[in-house]
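Protein chains: 2
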Amino acid sequence: MKAPQNPTLAEVGEQAAINVIAAHAPSPRNGDDAAVLDHDAPNSRTVVTTDMLVEGRHFRLDWSTPAEIGRKAITQNFADVEAMGARPIAALLALSVPAHTRLEFVSELARGIGDRVGDYGAELVGGDITDGDAVVVSVTAVGQLGGSLAELRLDQARPGQILVASGEIGASAAGLALLRRFGRDGVPREFLPLVSSHCAARVSEGRGFVARSAGVSAMTDNSDGLVADTTTIARRSNVSINLDPAAIAPSPLMRQAAEVLEADAWEWVLSGGEDHTLLGTTFRAAPTGFRVIGSVDHRSEGEVLLDGRAPSWNKGWNSFA
Amino acid sequence: MKAPQNPTLAEVGEQAAINVIAAHAPSPRNGDDAAVLDHDAPNSRTVVTTDMLVEGRHFRLDWSTPAEIGRKAITQNFADVEAMGARPIAALLALSVPAHTRLEFVSELARGIGDRVGDYGAELVGGDITDGDAVVVSVTAVGQLGGSLAELRLDQARPGQILVASGEIGASAAGLALLRRFGRDGVPREFLPLVSSHCAARVSEGRGFVARSAGVSAMTDNSDGLVADTTTIARRSNVSINLDPAAIAPSPLMRQAAEVLEADAWEWVLSGGEDHTLLGTTFRAAPTGFRVIGSVDHRSEGEVLLDGRAPSWNKGWNSFA
Chain E
1 MKAPQNPTLA EVGEQAAINV IAAHAPSPRN GDDAAVLDHD APNSRTVVTT DMLVEGRHFR
61 LDWSTPAEIG RKAITQNFAD VEAMGARPIA ALLALSVPAH TRLEFVSELA RGIGDRVGDY
121 GAELVGGDIT DGDAVVVSVT AVGQLGGSLA ELRLDQARPG QILVASGEIG ASAAGLALLR
181 RFGRDGVPRE FLPLVSSHCA ARVSEGRGFV ARSAGVSAMT DNSDGLVADT TTIARRSNVS
241 INLDPAAIAP SPLMRQAAEV LEADAWEWVL SGGEDHTLLG TTFRAAPTGF RVIGSVDHRS
301 EGEVLLDGRA PSWNKGWNSF A
Chain C
1001 MKAPQNPTLA EVGEQAAINV IAAHAPSPRN GDDAAVLDHD APNSRTVVTT DMLVEGRHFR
1061 LDWSTPAEIG RKAITQNFAD VEAMGARPIA ALLALSVPAH TRLEFVSELA RGIGDRVGDY
1121 GAELVGGDIT DGDAVVVSVT AVGQLGGSLA ELRLDQARPG QILVASGEIG ASAAGLALLR
1181 RFGRDGVPRE FLPLVSSHCA ARVSEGRGFV ARSAGVSAMT DNSDGLVADT TTIARRSNVS
1241 INLDPAAIAP SPLMRQAAEV LEADAWEWVL SGGEDHTLLG TTFRAAPTGF RVIGSVDHRS
1301 EGEVLLDGRA PSWNKGWNSF A
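Protein sequences, first through last, are from chains E and C. When we follow the working numbering, the leftmost residue of the first sequence carries the number 1, and every step to the right adds one. When we follow the working numbering, the leftmost residue of the second sequence carries the number 1001, and every step to the right adds one.
Honestly, the hints are just simulated from the structure, not real lab data. Because the structure is a prediction, the values reported are computed rather than measured. A virtual CB, placed ideally from N, CA and C, is assigned to each residue, including glycine. Among the hints, erroneous ones may be present.
Derived, one-sided and incomplete: chain E residues facing chain C with beta-carbon distance under 10 Å [what the hints assert, rightly or not]:
hint, residue
1, D51
2, T65
3, D80
4, E82
5, A83
6, I129
7, S319
Far from chain C, by Cβ distances over 12 Å, these chain E residues were calculated [stated by the list, open to error]:
hint, residue
8, A35
9, R153
10, V187
11, R189
12, D264
13, F283
14, E301
15, D307
16, S312
Kindly generate the complete structure, drawing on both the sequences and the hints.
Structure (structure tokens):
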């Protein structure tokens, strides 16, 4: 008889699952009823946010590897911390998985999480794992906002500022369109970078912290779509934002993919979302790692314009729609 | 034509759901990419924990009202904060619900959450809502540990201490057994307090904070079962714990329910869990709101004993089992 090579959670139980998670994402703060986090400095503050990924809605198990799902869950939560100008320091993972799930799935998911929190110099400090019909990955991110500078809020854009961005725009939506047409195994090799951008967005670590130090006043991340997310800043700040088409034009690879799919690459850029691009406004020069993609004006009829006109694509992500 | 009286999330969309949540659990910190929490004092620390409730596993929609589910989600998360000796100050809610769910369900769930965070003087500071096949309620709790006293850890029980408890023990399991036999509508009226204990455990607020001030050194909450949870303290602290049968004996109501169900009320007391009773160890007198239920000894063969003998019921909750 062979020993079980690839056991399920029903076979090994909850503690084995907790052990593989802790092996890939260890922390001395983990393992009590709750984790205790020290504060760096007398006037530091704590930033918290949560985002839930549901199988079939936010990822598909035949499109994403478990490690990519783990990376994506951390990236999108930490992007919200960075969008406040804070430094991500910790994450908590609440995970629902069916009992027939392989332990290896949990291990690989934890590897993606552990790698990604490590990229930021952060830790997975706690969590919960439970039986459930679908895979649901709920992450809470904790960040530290050091010093007395204000946090980067949605309502702090001012006329006369430039709009700056760090990260890709539209690549995630292009990857999703390719997966829908071809499935993971059928996507032409040259387009795999776009698929990667969808399954686990590439975002540089620490750019929000840099932006706050460098004079950015308002910031968010592109999670629901470029027009949708900049519209949120524009409405909250009571300004207009004018996007520069030359600065956000689809990349050659995206244009090539659009040709194959007979799609409009501008839809991916303007409505796509899930790139987690950091979008900020500032009176000063673009901080290191950012490029200028538009300008902030006094409020006009349209809240977000593309070269002075209403953009052709302006829908964003909406659950239940 | 009548206006829709009881719309679904598919009809009203994500923003309407966010609005009813914010109406029942408002906070000025909510509404940006992440919430910013101030620190009370230079040497305060932050405590974080997360727990996920899955429909069909942790609650049933035909047994619990949405408000009870909300209360339960907060109570069990805040109990983990209290078990560190910290004061709960904030919660985050990540919620998955099917699109056919009534907006009223979300509103009632949020009412239960808002009431319960209010009991603690805390706030719901952020969240995420998404479409999903099952109702999944994932809460993260944030607490504040003021001053320089140590947190209440699992490994801080010492021989010669007493074991103290705040809250009911076994009532939740009794309520669950009644629901399994009779369903919510069929439970005899006299047993409804036990059903309430199951659907939304009653726990006094602030007892963990009191315990830390009053000399308790180790603490946890009874979530998996009295023997299972005290065994965790015993193992981590390398001690034995002897439970006093007279102090934890089933209540008259529990004994009455056990008679009707032909069950053993001691199983509910020793293995039940989900009461979120705070369990602590101290060399000093029981703090206000606590009673003595046992003693801590040098390590012996059994980690947790009942009047010096191995308890007849010692299984605890295990997902995937």
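Here's how the hints hold up against the structure:
1. D51: holds, 5 Å
2. T65: violated, 21 Å
3. D80: Since chain C brings a Cβ to about 4 Å from D80 of chain E, closer than 10 Å, the hint holds.
4. E82: Check passed: Cβ of E82 of chain E comes within 8 Å of chain C, closer than 10 Å.
5. A83: Interface hint status for A83 of chain E: holds (4 Å vs cutoff 10 Å).
6. I129: holds, 6 Å
7. S319: It holds, given that the least Cβ distance between S319 of chain E and chain C is near 5 Å, below 10 Å.
8. A35: Nearest chain C Cβ is 5 Å from A35 of chain E, so the label is violated.
9. R153: Nearest chain C Cβ is 6 Å from R153 of chain E, so the label is violated.
10. V187: holds, 26 Å
11. R189: holds, 33 Å
12. D264: For D264 of chain E, whose nearest Cβ neighbour in chain C is about 25 Å away, the distance exceeds 12 Å, so it holds.
13. F283: At roughly 21 Å from the nearest Cβ of chain C, F283 of chain E sits farther out than 12 Å, so the non-interface label holds.
14. E301: holds, 22 Å
15. D307: D307 of chain E clear of chain C: closest Cβ-Cβ about 27 Å, beyond 12 Å.
16. S312: holds, 23 Å
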